[in-house]
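Visitor: Sequence:
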Amino acid sequence: MVFLYLLLGHFLSDFVFQPTKLMTWKHKSWKGVIFHAFVHFAVYLLIIFPLLRNFTAVLVLLIIAATHFLIDSIKINVEKKNKHFMMLFFLDQIIHITILGIGYAYINSLSLKLFTDFYPGPYVSVYIILGIILTYCVEIVQFQGLRKQQPHAGFKPDFHKMLKRLAIFSFFYVIFAVRSIYEIARTVHP
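Offset between the sequence shown (1-based) and my numbering: plus 153.
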């Protein structure tokens with residue numbers, strides 16, 4: 154549960170809450186990268202802290218955000234010298250998710266009491282994560298491919314295409330979720 158919410162926080166912060174102006178600021182100044190890392194920390198706090206309510210967990214979230222700053226700073230510097238945008242994008246995401254996994258493992262080792270009363274089941278979180286991947290991530294991957302030919306191109310997401318992909322995904326996801334809930338209900342009440 155905690156890893157799923159960490160992943161949700163990451164995808165929200167890295168894609169939904171990172172507009173084009175912030176991307177540009179990050180590439181022009183380290184202050185933009187710090188602001189982006191702060192957004193990560195704030196989103197993690199909003200999503201995870203009510204679940205954990207523990208000071209040590211807050212420190213772990215702060216460390217995750219700090220490593221996000223370091224990873225993004227390195228990526229931006231490497232991008233300036235090396236134009237392998239697509240490879241760097243995927244490597245960046247793999248490293249971030251690995252750091253989240255390490256943070257989760259540490260939080261999990263604390264054996265904290267989870268306050269899950271007001272949290273929805275995994276269906277909602279998984280839906281949001283997959284929705285972000287199919288909308289924002291697809292647009293960013295296409296943008297990274299465009300940057301190879303046009304290094305100074307600006308990121309302009311096509312919200313119409315994003316909405317179409319989200320609508321198609323939502324249709325199939327709802328069918329899957331309803332079928333899964335039906336199957337669970339059938340096994341509980343034969």
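Errors might be hidden in some of the hints.
To be verified - No more than 20 Å apart at the CA atoms, straight line, and that leaves these computed lysine to aspartate or glutamate pairs for EDC-like:
#1 K314 <-> E336
#2 K181 <-> E232
#3 K309 <-> E336
#4 K233 <-> D245
Think of the hints as simulated: they come from the structure by calculation, not from any bench. Computed from a predicted model, the values in this text were never measured in an experiment.
Visitor: If a hint holds in the structure, say so; if it doesn't, say that too.
Guide: Against the structure, the hints come out as follows:
1. For the hint linking K314 to E336, the alpha-carbon distance of about 33 Å lies beyond 20 Å, and the restraint is violated.
2. A C-alpha spacing of about 12 Å is found between K181 and E232, which places the hinted pair at or below 20 Å, so the restraint holds.
3. Among the hinted pairs, K309 with E336 is inconsistent with the structure: their alpha-carbon atoms are about 42 Å apart, more than 20 Å.
4. A threshold of 20 Å between alpha carbons decides the hint, and for K233 with D245 the separation of about 15 Å falls inside it, so the pair holds.
Violated hints, listed in ascending order, are 1, 3; each of the other numbered hints is respected by the structure.
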